[in-house]
Structures are given as C-alpha cells and as structure tokens.
Amino acid sequence: MSPALPEGEPVPPDGSLPAWVAGSGPSSPDGTSGPTARRGFGVYLHVPFCSVRCGYCDFNTYTASELGGGASRASYATTALREVDLAVRVLRDAGLPERPVSTVFVGGGTPTLLPAGDLVRLLGGVRDAWGLAPDAEVTTEANPDSVTPASLTELADAGFTRVSFGMQSAVPHVLATLERTHDPRRVPDVVRWARDAGLQVSLDLIYGTPGESLDDWRASLEAALATGVDHVSAYALVVEPGTRMAAQVRRGELALPSEDDQATKYELADELLTAAGLTWYEVSNWARTDDDRCRHNLAYWRGDDWWGIGPGAHSYVAAPGALAPSAGGAPAASPAGPGVVTDDTGASAGDAGVGVRWWNVKHPRRYAALLEAGTSPAAGRELLTRDQGRLEQAMLGVRLHEGLDLAVLSPAGRRAVAGLVANGLLDGRAAVAGRAVLTLRGRLLADTVVREITDE
Amino acid sequence: MSPIPSAQPSTRIQPAATPPELIRNFCIIAHIDHGKSTLADRMLQLTGVVEPRAMRAQYLDRMDIERERGITIKSQAVRMPWAVDVDGAETPHALNMIDTPGHVDFTYEVSRSLAACEGAVLLVDAAQGIEAQTLANLYLAMENELEIIPVLNKIDLPAAQPEKYAEELANLVGGDPDDVLKVSGKTGAGVEALLDRIVERVPAPVGDPDAPARAMIFDSVYDTYRGVVTYVRVVDGNLNPRERIVMMSTRATHELLEIGVISPEPIVTKGLGVGEVGYLITGVKDVRQSKVGDTVTNAAKPADEALGGYSDPKPMVFSGLYPIDGTDYPVLRDALDKLKLNDAALNYEPETSVALGFGFRVGFLGLLHLEIVRERLEREFDLDLISTAPNVVYDVTLEDGTVVKVTNPSEFPGGKIKQVSEPVVRATILAPSEFVGTVMGLCNDRRGQMLGMDYLSEDRVELRFTLPLAEIVFDFFDQLKSRTRGYASLDYEPSGDQVADLVKVDILLQGEQVDAFSAIVHKDKAYDYGVMMTAKLKEIIPRQQFEVPIQAAVGARVIARETVRAMRKDVLAKCYGGDISRKRKLLEKQKEGKKRMKNIGSVEVPKDAFIAALSSDAAGGKDAKDKSKK
Chain A
8 MSPALPEGEP
18 VPPDGSLPAW
28 VAGSGPSSPD
38 GTSGPTARRG
48 FGVYLHVPFC
58 SVRCGYCDFN
68 TYTASELGGG
78 ASRASYATTA
88 LREVDLAVRV
98 LRDAGLPERP
108 VSTVFVGGGT
118 PTLLPAGDLV
128 RLLGGVRDAW
138 GLAPDAEVTT
148 EANPDSVTPA
158 SLTELADAGF
168 TRVSFGMQSA
178 VPHVLATLER
188 THDPRRVPDV
198 VRWARDAGLQ
208 VSLDLIYGTP
218 GESLDDWRAS
228 LEAALATGVD
238 HVSAYALVVE
248 PGTRMAAQVR
258 RGELALPSED
268 DQATKYELAD
278 ELLTAAGLTW
288 YEVSNWARTD
298 DDRCRHNLAY
308 WRGDDWWGIG
318 PGAHSYVAAP
328 GALAPSAGGA
338 PAASPAGPGV
348 VTDDTGASAG
358 DAGVGVRWWN
368 VKHPRRYAAL
378 LEAGTSPAAG
388 RELLTRDQGR
398 LEQAMLGVRL
408 HEGLDLAVLS
418 PAGRRAVAGL
428 VANGLLDGRA
438 AVAGRAVLTL
448 RGRLLADTVV
458 REITDE
Chain B
361 MSPIPSAQPS
371 TRIQPAATPP
381 ELIRNFCIIA
391 HIDHGKSTLA
401 DRMLQLTGVV
411 EPRAMRAQYL
421 DRMDIERERG
431 ITIKSQAVRM
441 PWAVDVDGAE
451 TPHALNMIDT
461 PGHVDFTYEV
471 SRSLAACEGA
481 VLLVDAAQGI
491 EAQTLANLYL
501 AMENELEIIP
511 VLNKIDLPAA
521 QPEKYAEELA
531 NLVGGDPDDV
541 LKVSGKTGAG
551 VEALLDRIVE
561 RVPAPVGDPD
571 APARAMIFDS
581 VYDTYRGVVT
591 YVRVVDGNLN
601 PRERIVMMST
611 RATHELLEIG
621 VISPEPIVTK
631 GLGVGEVGYL
641 ITGVKDVRQS
651 KVGDTVTNAA
661 KPADEALGGY
671 SDPKPMVFSG
681 LYPIDGTDYP
691 VLRDALDKLK
701 LNDAALNYEP
711 ETSVALGFGF
721 RVGFLGLLHL
731 EIVRERLERE
741 FDLDLISTAP
751 NVVYDVTLED
761 GTVVKVTNPS
771 EFPGGKIKQV
781 SEPVVRATIL
791 APSEFVGTVM
801 GLCNDRRGQM
811 LGMDYLSEDR
821 VELRFTLPLA
831 EIVFDFFDQL
841 KSRTRGYASL
851 DYEPSGDQVA
861 DLVKVDILLQ
871 GEQVDAFSAI
881 VHKDKAYDYG
891 VMMTAKLKEI
901 IPRQQFEVPI
911 QAAVGARVIA
921 RETVRAMRKD
931 VLAKCYGGDI
941 SRKRKLLEKQ
951 KEGKKRMKNI
961 GSVEVPKDAF
971 IAALSSDAAG
981 GKDAKDKSKK
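Chains as they are written, first to last, in the working numbering: chain A, 8 to 463; chain B, 361 to 990.
Read the hints as simulated data drawn from the structure, not as lab findings.
As the structure is a computational prediction, the values presented were derived from the model and not from experiment.
Hints are supplied without guarantee of correctness; some may be wrong.
As the list claims (entries may be wrong) - A few chain A residues that face chain B, going by a derived Cβ cut-off under 7 Å, partial list only:
1. E16
2. A243
3. V246
4. L261
5. A262
6. E266
7. D267
8. G315
9. R364
10. E399
11. R458
What the hints assert, rightly or not - FRET-style restraints, in silico, Cβ to Cβ:
12. B:D805 / A:A429: 47 to 53 Å
13. B:P909 / A:T281: 30 to 36 Å
14. A:D164 / B:Q950: 55 to 61 Å
15. B:R956 / A:S265: 22 to 28 Å
16. A:L447 / B:K898: 23 to 29 Å
17. A:L263 / B:Q950: 37 to 43 Å
Unchecked claim - A few chain B positions that, by computed beta-carbon distances, are all more than 12 Å from chain A:
18. A376
19. E411
20. A519
21. G548
22. N804
In this text, a Cβ means the ideal position worked out from N, Cα and C, and glycines have one as well.
Extracted from the complex, chain B is given alone in its bound form (with noise of 0.2 Å):
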C-alpha cells in the first residue's frame, strides 16, 4: 500500500537483524516474453532501490545475451523494502526478489530458487494464456508448497483478455478469477497492489535461530574480479563476515571474504539472519567448488544434515564442437575453461573428428544450455563454431556384461550387443485444442506415449507424453511448431531410461566413415536416416576427378547410396590477354579454397560441406533459438 518506508522504520529491516516475520522471500514463475524482467524493473523503482536516473530496461539481466535475447539465465535475489499498514502502524518488510531462470533447460535450478522462497507471483501473458513450460515450473512451485500468486500482466495491450485467462489461472491454481490480480509491468498498473499482495499472502520464513547455520545455494556466478559470487537463503542459524564455511557435498572449507544483500548493487552486511536472502564471497574462482543446491554450513559449528535437494547437474544432451578455423582450437579450450567457471553444468572433452579435426566433446543440460554455450563461445570469444548434430547419453551393454556409456555416436561399440538404452522425457505439451490429433501423431511418430490430456479450458489442451529425449533433440520443437501454426508449447524432464531397439548409422565417402555424421537412430528409422544423409551429401560435396560413393551402412550392412559422378570439366574455354589477371584471382581463391579441404580418404570435402550438412541438421540448436525468442 504505502511506497519506501520512511527512515526510522526502516531499521528495523536492516540485514542481518531482519525478524523473519518481516522478510518475504518470492519468486515469479513467468514464461519468456511474458514480461518478467520488466515487471521486476517497476517493482525496483517503485520501492526505491533503484532512483529513476538509474533505471535501466531490464535491470537485472546482466549478461549482453540476456538482455538481447529477452531471457534470464542467470537468477539473482534483490532486497527491496516495502511497508505496508499493519494495524494501523507502517510496517516496514523485506522483499527478496528471487529472479529463476524460465528455461527447460535449467529445471534443477529453477527448483532449488523455488526452495528458496515461500511464496512465487506466476506471471502471464493476459493475451497469450499460460505456456507449457510456466505450468512445469508452477507444479514445481507447488510442490515445494509455495504460496501461489496469480497475476496477469500486459493488461495495456489490446489483445489482452484477462477474464477468459484470469478463469483459466483460477481453474489451474484454485480460488476466484477475481483474486487474480491484474498488473502492467510497462505502465506500472496494479504492481503497488501486487507488492502489498506478496506480503499479505506469501509466508514468512521460519527457522531456527540458534541452530547451527544451514544456508541453500541457490545461485553461483563468476565474476572476473571478485571470484565466485555465491547466493544462498538462510534456512537455520546466521552467517558471518570472515568466519570459516564448509560446503556440505565436497567438506571444502573456505573463508567468508564477504557477505551482503543485493538491492540491487551488492551491498556488504554484518551477516545474514535466519530467512534472510543474500550473497557469499569466498576466493574461490570455479563455480564447482559452490555449487547449486549445497549446503554453507559453519565450520566452527557445523550443521549435522544438510538440506534436501541436492543433486549434481547431468548432462543431457551432447555435441561436438569445432572451429571452423583448425587454428582457433587452443582460443576454444581456453573459452571453455572460462565459461566453465560459471556453469557447473557445462563438461567437456576433447575429441578429434575425421571431418571437422579438434574440437570437444560437450555435455548441455539442454538444447537451450547448447545454444546458449555456442552463442557466448562465439560471441564473447569471436570463434566460428561449427556443432554435430546433438545426441543425447547411450548405455550400451554389451554380451559379455559390460556397459558402455555412449555420448558420441561414432564411439557405438561393434561386435554384438545385448541391448541399448537411452534416456526419456516426461513431455507436455499445451496446445489449442484443435491440434490435439496433430500433436498425437507427431509424438506416436517419435515413438512417444501418451500419458494423458486434460482440457485446461474450452479451447486449450494439455497432452502429456513419454517420449525419447533423442526424439526430442532431433527436430522436434520445430515440427511441433510448424505443425500447430506456432501455437503449442512444450516443456520436459527427465524420466528414466529405457531399452530400445537403436543401431548406429554410419555414412561413407568412397568406403571412408564420415565420423560427424554418425547417428544413433532406432532400427526403423534407420533406412529414413542413411537415405536423407546420402542425398544430402549428393547435393554437397563437389564433384571430384573420380566417381564417389556415398553410403549409409549399418554395421557392414549398406542401407543407401547415392553416387557422386567424377567431374568432367573444370577448364575456362577462353584464356586470352584480358583474361588472365582474373582468372589468376580466380585461381588464387581456389587454391585458397583448397586449404579448407578436409580429405576424406582421397575424396577432398570443403569444410563448408560439412558445416551446410550439419548446420541444416542440427535443428536442435534451431529450436531453442526459436524457443527462447517465442
């Protein structure tokens, strides 16, 4: 109700001496596009931590990639003050804003913000309605037991239908279309309203002060001067400047350099209190060693459990990466020893292809994760990257017992093999009703399994599969897109793995395998693959001075082949006195061009032939930019 608290009351919500009854700890579930970021801009400037002079569109979104592409990677919490009349007296709270990130990708860290708060504001779009990823993310708040907030946002835009939505929130989270409150993040409209509503409805945080510390890491950040900057909520206990911390997973023991709150440039505290929202800065300069999910305990007087959650990140989704320039290859191991500092999800390996020379091997969480990773690469490093076709992790059993984790195709073992498997998803997928039969058939034909499908009102459907993540990563989001006009929306999670009857597709130029163009494909789509793939390389590989066979092969099984036909002419019929100094040029660019060859056996392959054949594949790096720009 009332805007900043005015100075006296306000200290009694000084960090580290905050009473849990006066903090809120909330997050907002939004889907990209949904107008997160600047709904969390009016609320930094309507409770003064940010000055008008200051303000900035989209405040919190730190990296270039965010702010540009309109989507939040990186969480950060932000203290702001907000006082609102408590019986009859201004009653000063803190807020700490938790900003998740809103990608697939990131489930795991979008659950341990979420255990992070008490209370979560689930943002939607008043004229799109709520996305399939939204609903994960708000099961996932629900689950940890959040108080759920429904609010409608762009109510300034004409197409804007907020009654036809605000039913479709209540129907999904409980209580009256009414409650639903009704804000605009540009014009500020309602926001005042929804602050009052965090602190009337969101739960103050409860805890044990005299405990030993037990503080969550929801959130880890490199930062080039500082080191890691680690965020944590305090769940028993306090935190204290220059005292000893142990990470509970790994026992590391480090010294708290510095503690203090966001709001929204770090401000340094005496400590942080039970409930209270803040950052750690230890030294340490690889986000490894604080991880998300751990638990910071004292190490004079450590906790004797740690907090529930924690997991360590896995990689989903691998592909190779490759400069395009052979030279680049130390400028790419030494971006990827960088990024990594930030992303404790992101592992590599070196790797050497036949077709593309040095590059890596990298695990994603996601195709997002992929994209996001190459986009920096390239960005921040000026590196021209070329990626296979993502894949996702194979156990491979062998006759005798043994088991092989795959993560790259070419590596599929020979010989006989008892059985694959390989990871699948939980998929939903929201959709207008009118697609349901298109999506069914999308999903059967990615050999998915219903699960079920719930009307989420007249005209909209929620359709929940099984489906193979390779399915998933192949092309998937792009058919599910073109096929519904650009109406559905999808969101996974791990479920499991499964045996499934997969065999390795090799492709060979002239008898030579092309190792960037194996797939692990289920046996009958096998024959659909090898056809594609030697089609396509028909089309792109030049002509050479002999004849060369494409083939795909299964084993020593040939399933397709398409021929190159040898060149027959090349010469320039007319080479006279005006012709020369162009046809040298000419000359020069070929010889030029010849350096990026890559020899396949004697077959003499431009590396752009490479790239045209993957880049036109790797549909998985496609969808997520599609995704994150939907």
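Just chain A, same shape as in the assembly (with noise of 0.2 Å):
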C-alpha cells in the first residue's frame, strides 16, 4: 500500500457502493452479465505494523506497537474485524450474492508480528462472515525473522495454506543497505519449516539495490532456488519518494539504480528462474506449477472484486460483464446490458460505471476511530468509466503469461499490435491466435506496450 492515497470522490459515511455494481439490468443473452456472472471474491488484510523501517520501504506500516486512541498491536484484529463486519453490510446492502471468499492475502507491514492467535483471529472472522472456499488459497507475508516452526504450524492448522517470505537479498551488504535486519541464513531453515507445515511457499526478491553487483543478484537468485521453493517474486528496487533511501539518494550517499541494470537483472532471474524449473506467469511472478501461482494476486490482474480490510487498503468491485469481449471483437457494447447507454466519454450514462475502487484512511488511529464509530473507514473512491475500466485491463492482464484478449483492444489498439511483435515486445505466434503475450523484452517494456495497445 503505498503512502500517498488516490485523489477520489468522498464515500458516503454508511460505506454504501453504487446500485450499478449489482448489474441494473436483467442478464444479457450471452450471460456473461447479472448477478450469476460474478467472479471470484478475495479478501485482503493489512497488517500496519514492523518492528522497524526499512529504508526503501513506502508501505503504510508503523514500528510503535502502541499508536494511541486504540490502536495498538494488541487491539488491531478487533479492530479489522469490525471492519469485515461492515463489508458484510455493505456488499449484501449492495444487492450483491454471497459468495465464500476464494483467496485471503494477509500483507503489510509484517503480519506475522502480531501473533499467530490474532491472525488466526481474523481469519476466522473472514471465515465467519462469508466462509471460506473449500479450496480457498490463504496467504501470509511474513518476515523470515519472526517466524517459528511452532507458529508456521498454528497458521496452518488455522487454515493458511502459503506463506510469503521477504527473502530479499541473500546478500548482507545488500541487505544491510536496503536495512533488513535478518539474517540470510535463515531463508532455507524458514522455507523447510513452512514447507514441513504443508505451507506453500514464495520468496520476495529485490534486485538492483545500490552496489548490488550482477554476482550479488545471482547468488541471491541462486540462494533462492537452493531452498527449492515453487515461488519468486522478484521486484526491481523503486526509490521511492518520501522514504529514507530517496533522501540517501539525494544526498548522493547511494546512487540510483540504473535501468540498463535493473533491465540485465532482470533477464538473468528470468533465465535462472526458468532453467530451474520456474515460469513467469506475471511480469514479476515466476511459479513451478500452474498449482504454485498465487490465486490471489492473479485475481488483482484479472479483474475480479476484493475488499481491502485494514488502514490505506484498497477495494474493487466490478460492475458485472463491464469489460467482456464482445463476439467478433468487435468494439464491446453497452458495459450493463440494455436500458443503459453509453455516452461518449466512456461512462455509462447516468452515474454507471464499470467498477467502483476505494480506499481506506491511512492512519489505524484514524481508522479505528472510524470504525469505532461504526463509519466506513474508506477516505475516497472512484467510479471507474469505460475507458479507465479498459485501461487497467490492458495494464494489468498484459503483466500475465495468459496474456490479453485482442478482442478487448480499441481498432487502434489491435492496430498497434503488429507494429509491436515487430519490435518484439508482443509475441507473434500469441498475436495471431487472438492475445497479447509479452516477450521477455515486452515484459521490461510493458508499460509501452500498454501505452500502444490502449491507442484510441
């Protein structure tokens, strides 16, 4: 969650969502609108607390375990329950089916510095208020410093199923940069932990810190897949603004990471990853299995609703069938079916749009006296049109292996995407068999790709 929250709308105080996100017409033929064409439902939880900062880090997280006007550590799953408590509220007020909860991501922060108990807490409310998916994927981060196999054993007698180390570096002088303070050595103790306690694992890899070497990022890599774990994520270091590398950087005490760097960084993970065994299913995702991947996330790149509990978390729902190819890729027609039509800008008319996204205040001061209160904790929201809709599809299902449906794309946008396997960023063979597939070098130009492919 980044610090900096979205200029939007205000929410009104009950928390309420537009009566368009429950579809306001009667299902269209094709079926892929109305209320039986819902998707899958996942529920993110935010944990705001680290034991310290790391100096890169931009995520909305507090180190103090007590933070005044009740909230502390202590109290926070009673207070993120309430929460969960309004969510239920709000989605069933919204006309929306009840649907058990496929995929629960618990992020933060370092969720596993509160204690096993209150995680298993909250993701028992989670499991009360709307159950659980039998084959539900429940993921937590977790910092390979405050983890044990005892508490590793209680998430997953709770039900968690996958745990997400923040490995990093293997590297200390990296990590000493990047002010991580665990120790290295113990990534492969933790992974076997997890694993023996029938917990999927990932690890979180950054590469190009400042005096990273390419020999630094190998051994990481390496360090990594000697763990034999199913799944990496590895991020290229973003300085971001506000945080203590930015001022380091501007001091001139560390130097920027370069992009020609991060670019050959990338590539050797990807060709490391992948003769492991590894394949990328998102830009930044590499998994052994189909089985491996995260379902989680990938319901962020495609569109499905979540709701975010917890200080600055974000939540999407969808209007149903908003942005479904239309038959013969032809330009898709009406997002809600008949009885509503579209205007030029892209909204539908009236106030429909094809997706509501909001966000809760940042402070969990602030956000518990709200929810104490018995208010949405949201601070904003925006309602998104057609073409905002549109947009994030192509940016975000373009990330995935599976790739883009053309038939989503604007004329101009297909148009574009010749020009592109030309330039080798979309894949040709894909392309011609109707989606828009990275190259390894589109996948370190996707945003160019998305700017040519959302052409209008």
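Hints are included, so try docking the two chains, each in its own frame, into the full complex.
Here it is as structure tokens:
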C-alpha cells in the first residue's frame, strides 16, 4: 500500500456502493452480465506494523506498538474484524450475492509481528463472515525473523495455505543497504519449516539495490532456488519519494539504480528461474506449476472483486460483465446490458461505471476511530469509467503470461499490435491466436506496450 | 525660468497659430534605465500639462510591456508650454518633446524621430556614464545636426559621480564640463533649468509657410477605436482638417478626419503649421499605409519633392514562431495580423516544420524586436510559443548565377553553390579598459574585424568592429556581458554584406532531417555546432524501443554522431491491489503526454524536448531580454 492515497470522491459514511455494481439490467443473452456472472471474491488484510522500518519501504506501516486512540498491535485484530462486519453489510446492501471467499492474503507491514493467534482470529472472522471456498488460498506475508516452526504450524492448522517470505537478498551488504535485519542464513530453515507445516512457500527478492553487483544478484537467485521453493517474486527496487532511501540518493550517499542494470538483472532472473523449472506467469512472478501461482494476486490482474481490510487498504468491486469482450472482436457493447446507454466519454449514462475502487484512511488511529463510530473507514473512491476500466484491464492483463484477449482492444489498439510484434515486444504466435502476450523484452517494456495497445 | 505661461500670453502659442520662433522641438537620448521616462514625467508636471492628481509614473509609456520593462517602444510627441523671460517680458514657448525609442533594433525609427527635432537632450545616468547605445544615438543626433544639451540624471543617487561623467560628456560633445546640467528626474531638481536651457539653446524650426505642405511621419500607431494615428512634424506649409492628403511614397490619398496635438492627451486643433508637431487621423487601419519616414503633402497642392531619409523597414533577423499547442495556429495567425497593424516592420509567412508543426517564419528588425513581438503575442493573445534560433538572411548564389534569398536555414539550397553572402554590422562596444583583451578575443572568435578603438576616459574604451550579424544573433550579447561582468554595452548598425565560407549543418534523427535544428554556420564552426547539437539532443531525446542515431551532417557528409540507446525497461515491478489506481493515473498521464509527441520518422520525441533544445539555444531572445533589463 503506497503512502499517498489517490484523489477520489467522498464515500458515503455507511460505505454503501453505487447501485449499478450489482448489475442494473437483466442478464444479457450471452450470460456475461447479471448477478450470476460474479467472479471470485478475495479478501486482503493489511497489518500496518513492523519492528523496524526499512529505508526503501513506503508502505503504510508503523513501528510503534502503541499508536494511541485505541490503535495498537494488541487491539488491531479486533478493529479489523469490525471492518469485516461492515464489509458484509455493505456487500449485502448493494445486492451482491453472497459468495464464499476464494482467496485471502495477509500483507503488511509484517503480519507475523502479530501473534499467530491474532492472524488466526482474523482468518476466523473472514470465514464466519462469508465462508471460505473449499479450495481457498490463504496466504500471509512473513519476515524470516518473525516465524518459528510452531507459529507456522499454528497458521497452517488454522487454515493458512501459503506463506510469502521477504527474503529480498542473500547478500549481507545488500540487505544492509535495504536496512533488512534478518539473517539470510535463516531463509532455508524457514522455508523448510513452512513446507513441513504443509504451507506453500514463496520468496520475495529485490534487485537493483545500490551497490548490488550482477554476481550478488545471481547469488541471491541461486540461494532462493537452493531452498527448492516453488514460487519467486522478483521486484526491481524503486526508490519511492519520501523514503529514507530517497533522501540518501538525494544526498548522494546512494546511487540511483540504473534502468539498464535492472533490465540486465531481470533477464538474469528469468534465465535462472526458468532454468530451475519456474516459469513466469506475471511480469514479476514465477511459479513451478499452475497450482503454485498466487491466485489472490491473479485476481487483481484479472479484475475480480476484492475487499481490502485495514488502514490504507484498497478495495474493488466490478459491475458484472462490464469489460467482457464482445463476440467477433468488435468494440464491446454497452457495459450494463440493455437499458443503459453509454455516452462518448465511455462512462455509462447516469452514474453507472464499470467498477468502483475505494481506499481506507491511512492512519491506524483514525481507522480505528471511524470503525469504532460505526462509520466506513474509506477515505475516498473512484467510479471507473469504461475507458478507465479498459485501461486497467489492458494494464493488468498484459502483465500475465496468459496475456490479454485482443478482442477487448480498440481498433487502434489492435492495429498497434503488429508494430509491437515487429519490435519484439509482443509474441507473434500469440498475437495470431488473438492474445497479447509479452516477450521477455516486452515484459521489461510493458508500459510502452500498454500505451500502444490502448491507443484510441 | 518661469513655469506655466499665464492665460494671455498663452494665446500666442495656440496650435496652428504659433510662430516658429516660439517652437522648440527636442528629444531625449538616453540609455534604458537612465531615467528618461521619469524626467519626462517631471516635465509634464512642471509645465502643468498633467495635473498632479492625474500623474502616474512613466505617463507616456502606454503599453504594459513598456511600463513593466521600463523601456519605450513607441515614441510620442508631447506639446508643453513653457515661458521664459525674453528682454524682460514673459514669453511663452511651445515645447514639443519627441520621445524616441532607445533601442538598437529601432535605429531607423530613432533616426526619423531625430529628424523631427532641432535639439536633443543627452541624458546620462550620473552613476553609470554613457552606454554604447546612447553613443550610437548621439552620433545619429549629431549627424542630424541637432543641438545637444548634455545632462546628468539621478544626481540624487549616492553612487552618482557627476564630476567624472560631466567630464566624459564634455569630451564627447565638446564644451565645458560645467555646462553639463545636473538633474534628478526623481526629485525634480534641475528640471526647470533644463527646460529653460532647451528654449535657450535649441534652434527654432525653420520652414516655408507658403510652400506646399510637407510633413514627415515619425511614428504611426494603430488604435483600436481610431484606426491609425500618425505623428508628423510639419516642415513646410500647413495641414488642415478635412483636406485631402497624399502619402508621397505610395501616392495614396486620404482625407484628414482629425488633426491635433498631444498634450499629453490628444487635443483637436485647427491644423498644424510650420515647425509644429502633432497627429493625424485618416481612418486607415494599417500602419503600412502610413509609413514612418514618409512625407505627407496636400493633395490639392502637392509638393514636388518628398523630404529625404525615407526607407522601408528591412527585417534583419528571422525566426520561426510556433504555437506549442498546434490547435492555436489560427490564434497565432490572427494575433500576428493584429500586431502587424501597429508594426510596420513586422512581416511573416506561414511555415511548416516537421518538428514543430504549423507556424510562421517571422522577420524582425533585431533581437529585441523579436523578443517584444513574442512577448506581446504570449501576453496579449494568451499564446504559448516556441521560437527557433534566430537567423539572418543569406544570399546564396548558385553555379548558374541564380541568387536565392534564404531566410530559413532548412531552405538552404543543396547542390553546387558559387557563393554565400551574409549581412554584416558595425558594432560599437563600450567597456572598462581592463576588458579590452576580453572583448577583442570574443569579437575575434566571432569573425569580427577591428575597426578602431578610443579611450572615452581613462578607464572606458570604445571598440569598433565589423561583425557578421549572424554571430551577434547567436549568444553574443550574453557572452559579452558574462565575460565583462556585465560592464560592456553594445550597439550595432547594418553595414552591408560580405561573402563568407558558410555551410548548412543538418541534424538527423534516425536518418530523418529535423528542420528546426538546421543551421547555417561558418565552415570552421560546423563541427562545433554538430557536436554541440547532437550531444544536446542525446540528453533530451527519451530512449525509444529501438536505438536512435543522431547525426550532424553537412550535405551528405556526417560530421558528428551520437546514439540514444534503446530503452530497456519501463515496467513497474509491482502492481497489486493498492497500486492499480496510481498506476492507471500514471498511464493516463503518459498517454496524454503521447499526444504531445512528435514523430520524426518512427522516433517519438516530446515536443518539450524540441522546446528545451531550442530555448537553451535561442540565446538571441535572451539577449534582448537581458539587454532591456540592463
């Protein structure tokens, strides 16, 4: 969760959603709209606490255990569960069908800084509210320092299925620059403990840290692979404004990561991970098999519904079938079926949009206070127009190995595909088969690709 | 000596009925900021033509730009009464103060203003001494045989050195340093004495009242409500309301709808007689129909011969002006059409640039003129403009003897060229003597030839050079100022043409010529230009999906090359739930930005990049700005 919240319109105090998210018209003949077409529903739980704040981190997290005003680590689970209750009410009042939760992701911050019992209680709250699908994926992020075999077992017993460790690097001087305090030698152990507990495991890595050589990066990749892990996320370091690292760069104490260096390291990551049997399924994510992929994150990229619980968390609910490709690849028809007329701007007539996204207030104390008062903790929201929805669909969909259905693109966007294939950014074979799939080079230039295929 | 004449004697100086011996026509020659407008304000007050409560600073500078930048663009003539004691009797005089433009670009207008006067007040800042520009105008005044009244202004300033500069002035114009008047436009000290001195020293105008009318136009201004207002000085005969007049250069006939004097607001009169200065309104809408320097005569009884000294304004410096937003092109066209009504020297033609889209190639009298026009376009018409680096006019003679006039480097002919000639100027530079070597070095670098050097005083030197005008429009003034710590001043005037070894350097992006960056330079400097421009563009052009070579070439020969390497990464590594809105907004912004991209071949270049490359380069424009602030 980045620190700066987007600009948006106010959210009603009760958190209610616009009526059209439930689908205002009757189901369309092709069955892609209407309440029955609802896709998966995911829940994100944000834990805004860390024991120390890393210099590069701009996430919404706090190191103090006591933030005042009833916002403390100890009371956090109780507060967050209030939002779960609110969510149940809001979704029901919006006329959305009750759906069991298909994925849960606990992120932070450092979720494992909360006692395992609290995480279990949070998951219990979600289960009580909506029920968990039988094959639900339940992930928590964890710091290699803050887990034990016992705590991991406790999580697994409570229904967690997956753990994602913030390994970042295996090289001490790189970890030091990142101000990560964990001992890299501990990583193989925690991976083993987690697997022994029956959890799927992912490791997060960061490349392009100032001072990291290509060999350092290779060592980190090899160390990660040596644990036998089935899932790796590798992220280029971004020096976000407002972080301690940004100040260090500004003062000339650290060199800004170079784009070329990061590109080279990405290529190395793809090479080594692929050689080890992990294939990319999203720009920054590699998994051994389809079952090892993170379904919760896939839901973001595929435009499913998700509710984010916690300070600064974002949520999204789409209008049913709004952005489905229409038959024959012609420009898609009215998003909400008959009776709703679209205007030139791409927004549906009236207030109808293709989806609504909102975000909670950032500070845990204010978050707690709002919920205490029975009010929605949302700070703002945006009602996505059709154009915005299309842009997001392209921007997110193209990041995936499965790619993007070319039928959802505008004619100009489809015309741009040939040039991108010629320049080696899109896969030609996939394009012929009707999908936009990035090549290795294209993955690094995904923004360029998105700009071109969303041409109007 | 005495201020406003009382009512009775005032009847002796009514317009159209003032004997020439009671008229004094004078101008003030001064450098910018030496206080001309403030002095004029005091004169307006002392002579009673502006009541104290109607007074505002720099009363005569009408345009906002003039007042803000402290410079006078358009001259005006103000008629002021002033009585002096002649043989024991209070004798009223009509003083016409002709406010001359004080800028290098407007030498022709200055010369016409001077031609309307018999005397000139040489006004010099007592803390700064004379500047090159003032010197140039002083020479012009002396050539016109004007009576010079040297005056030091700002004597109230703590830094004033009246003795030192009085000496300098006396050396220049002859006479005794004690004769140099010392005034303060700010406090008014010495201004009455100056008015007395003007009446005493400036000769009365001489003309034949019975001859056919001849009046010289020294200014013409477009007014939205009145059409063109023409300022004239009557030399012979007289002009009267409702009669038909003829412009002698064009033979165009107009009816005199209104005639009057400015004092300092327009006052309709029964006419204008010999030696008088006033305005005419004929209902024409374009200043081109009322040209500065032209002679006005009576249609019924025309003069045989026009007054001398008329010439058509000749643009010396050209630049492409383009709207940053392409849809503003029609606005720019209308704006230029409007400015043209008031600016006889402005001319322009539509032009298309690969890099910049639709715009105009505009001819200017000089750099300041360019800057003023551009500023007026931006301010009065709310336009965002980019101007290409200013260039001069070249005459290119082909092998077959055909001569091509080149006002835009990209039109420089290819193929066999016999010779190229370029305009040269005579430049006068005043600088403290410690900088003589520096100035000579700079002028030498710029292909200058030294004509001579004189010490104005112990520590101030006047250096004279011929220089190609092209060298001056490119960054010269900035260099001169920075190398002399701001002390040098510059003036120049056209001085013919010279044949030179000039070539066109083209800049190519991935083999496609970028017209806006083509430049005509001396052969010895082609390489430097090529290296400088390719390096600059390399910094500015964003990396593309593919490698982009940037080349500088003379004809087919590449003289410099840089490469913008292909972009390798632009993807944001993380894009989860909380990142989506932010990321989408970023993309929306980028897509918006893409609309401001220009395609040169398949290379996408932000228009801003061209602007950045051009503006850091359009040193000419900056020159003029600095100069006017000086």
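Could you work out which of the previously given hints the structure breaks and list their numbers from low to high?
Those not satisfied are hints 1, 3, 4, 5, 14, 17.
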